[in-house]
Amino acid sequence: MTNNGTRWALLGVTAATAVGVGRAAARRRRRHQPERQDGWYVVRRGVTVDRSRDDVIGFWTDRERLDRALAGWATLEQLDERRWRCVARDRAGGETQWRAEITVEEAGTLRWRVEDGPMPQLGRIELAEAPQGRGTEIRAELRYRSGPVRRLAGLVGGDEPDLALRDALRRVKALIECGQVVDTRNDPSGRSPGQEKATDKVRETLMTGGRA
Amino acid sequence: MRALCWEGVGKLVVRDVPEPRIRAEGDIIVRVRASSVCGSDLHLINGYLPAMREGDILGHEFMGEVVETGPGVRRHRVGDRVVVGSVVACGGCWYCRTEQYSLCDNSNPQPVFTEKLWGHSPAGILGYSHAAGGYAGSHAEYIRVPFGDLGAFAVPDGVPDDSVVFASDAMPTGWMAADFCGLTGGEVVAVWGAGGVGQMAARSAQVLGAERVIMIDRFPDRLATATERIGVETINYAETDVLEALRELTAGRGPDACIEAVGMESHDVGPTYAYDRVKQAARLQTDRPTSVRQAIMACRKGGTVSIVGVYAGLVDKFPLGAAMNKALVLRMGQMHAQRYIPMLLDRLATGEIDPGYLATHPLSLEQGAQGYELFEKKEDGCLRSVLHP
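First to last, the sequence lines map onto chains A and B. Everything in the first sequence is counted per this note's numbering, starting at -10 for the first residue and increasing by one. Everything in the second sequence is counted per this note's numbering, starting at 1163 for the first residue and increasing by one.
No wet-lab data here; the hints were simulated from the structure. Where hints are given, some of them may not hold.
[What the hints assert, rightly or not] Below are the DSS-like pairs computed for lysine-lysine, each with C-alpha atoms no more than 30 Å apart in a straight line:
id, chain 1, residue 1, chain 2, residue 2
1, B, Lys1173, A, Lys186
2, A, Lys190, B, Lys1173
3, B, Lys1539, B, Lys1441
4, B, Lys1278, B, Lys1463
5, B, Lys1479, B, Lys1441
6, B, Lys1441, B, Lys1278
7, B, Lys1488, B, Lys1539
8, A, Lys190, B, Lys1463
9, A, Lys186, B, Lys1278
10, B, Lys1488, B, Lys1463
11, B, Lys1441, B, Lys1173
12, B, Lys1540, B, Lys1463
[Unchecked claim] With beta-carbon atoms standing in for the labels, derived distance ranges:
id, chain 1, residue 1, chain 2, residue 2, range
13, A, Ser181, B, Asp1403, 47 to 55 Å
14, A, Glu130, B, Ser1526, 41 to 49 Å
15, B, Glu1514, A, Glu130, 23 to 31 Å
16, B, Asp1542, A, Asp189, 54 to 62 Å
17, A, Leu55, B, Ser1526, 46 to 54 Å
18, A, Leu55, B, Arg1236, 20 to 28 Å
19, B, Val1440, A, Ser181, 46 to 54 Å
Idealized CB from N, CA, C, for every residue including glycine.
Based on the provided sequences and hints, a complete structural model is requested.
Here's what the structure looks like:
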């Protein structure tokens, strides 16, 4: 009887714990899921750049400076008044290309739409003055079509539009503020080529995503 | 070139590695003439900061000679004798503009680890693990210094290498610790840890107006050196109850400011310390906050606790109630090298602050592992081993 009572009590406690943990995990997962609207994932990211709005716009519109800044990372080719072709190189040496239609709505606001690329995307960028003279807030909203499995695979593999957006904002901030994106991949070390390759994987993980 | 590499927990080996190259317009390459061990390296060597990779080159406190400059470098030329701040700062972000260089937004190229751990990523640091950007360190013949115009400073003539090397880190860290205390003149300041940073903090507090400085440690030779070199009072915590002694020395008030220059591997005696060691060994807490607890408990009501010892993660039994109810000011952080170094070089040149005596063990690069062992075990009166590659 006592044994049975103990078993039922243990079962009850285990079940209650499992339900509690499950609910907490689900709640946490929901908190970390991006918003979904009409089949689109919607993410909003922002970064503050310690420069005036004109300086930030100047970075985008000074083609020579932009090309210099993007060298080694991506190339941009203007196809017509609105359409651009972008070829991005990842750290492993692979290339991804897409065509985007970019519309400037007013000074400091632009939209883009990826016509053909790895994933349909719509995006919007707004520039706003940051408080206390801290420069300019770049606020980006990205909508992309994906599914839960594809998104999970992208997050694990570091190939996901949200991660790419956060990377891009961080890069843009660094390029505007200090003219370079710092890289320590080629610093000397006592590693063998195999160890260096494994360390580069770790570096990529520590470089990808995070806060914008 | 030869370099001292981390090869696993507690294991350091000198290896042949490629020489660094200019990677960006603002880079400079420095031939290292003196590179000091630092207490914060011990946390990396002993695996308390889990972001080291086999083959990483250690060392962040150094000086040397410029041998190559990037095309964008304006302030330095080949042949300049320079001391380099350990913190890397871009000079272009809001934090750099407001002279909070150790919080630079752009100098840590691998910010995700610290963003997850701390909410935001502070600046990169040379030779300080992949959490701080994965930069190669200074225990090598040559080192690449990014943003060289901002991070490297010409050394005044006549100041020896083994003295100016401490302007790279120990001096600015000690100065910032004293600066945090908001001294206006006549205060009593207590300093936990009589190592290089603690002694520089004590001297800085005197320069900034403290009337009395009391140092706390357990090594009689370190305490004796501090008394002899900078004229402080001392408490040996292995023999004396620190809180009682500080109350007595201040007629019941407690020190006006308490500086913690020990960090996450702090030591004590008694059962609480044993408990902390077990928890840290079991990874139930990452840091042992023994001296921070004491500093908070000892500090006078409304006083300041200044923390420059390095902490990485979570601590147990943090006396937040004491800090809150005594209305303490808590200030802490990695030092803003670029803000303090020029001013400290002036003070070094006039002899107002002279850290040369900290370099008790000048050694070759090949003796690096031995240098760290002497330093960690505090053997042979070692305050700092300084490597000469």
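Verification of the supplied hints:
no. : hint                             : verdict
1   : B:Lys1173 / A:Lys186             : holds, 22 Å
2   : A:Lys190 / B:Lys1173             : holds, 23 Å
3   : B:Lys1539 / B:Lys1441            : holds, 22 Å
4   : B:Lys1278 / B:Lys1463            : violated, 35 Å
5   : B:Lys1479 / B:Lys1441            : holds, 12 Å
6   : B:Lys1441 / B:Lys1278            : holds, 22 Å
7   : B:Lys1488 / B:Lys1539            : violated, 36 Å
8   : A:Lys190 / B:Lys1463             : violated, 50 Å
9   : A:Lys186 / B:Lys1278             : holds, 24 Å
10  : B:Lys1488 / B:Lys1463            : holds, 5 Å
11  : B:Lys1441 / B:Lys1173            : holds, 24 Å
12  : B:Lys1540 / B:Lys1463            : violated, 34 Å
13  : A:Ser181 / B:Asp1403: 47 to 55 Å : holds, 53 Å
14  : A:Glu130 / B:Ser1526: 41 to 49 Å : violated, 58 Å
15  : B:Glu1514 / A:Glu130: 23 to 31 Å : violated, 56 Å
16  : B:Asp1542 / A:Asp189: 54 to 62 Å : violated, 41 Å
17  : A:Leu55 / B:Ser1526: 46 to 54 Å  : holds, 49 Å
18  : A:Leu55 / B:Arg1236: 20 to 28 Å  : holds, 25 Å
19  : B:Val1440 / A:Ser181: 46 to 54 Å : violated, 37 Å
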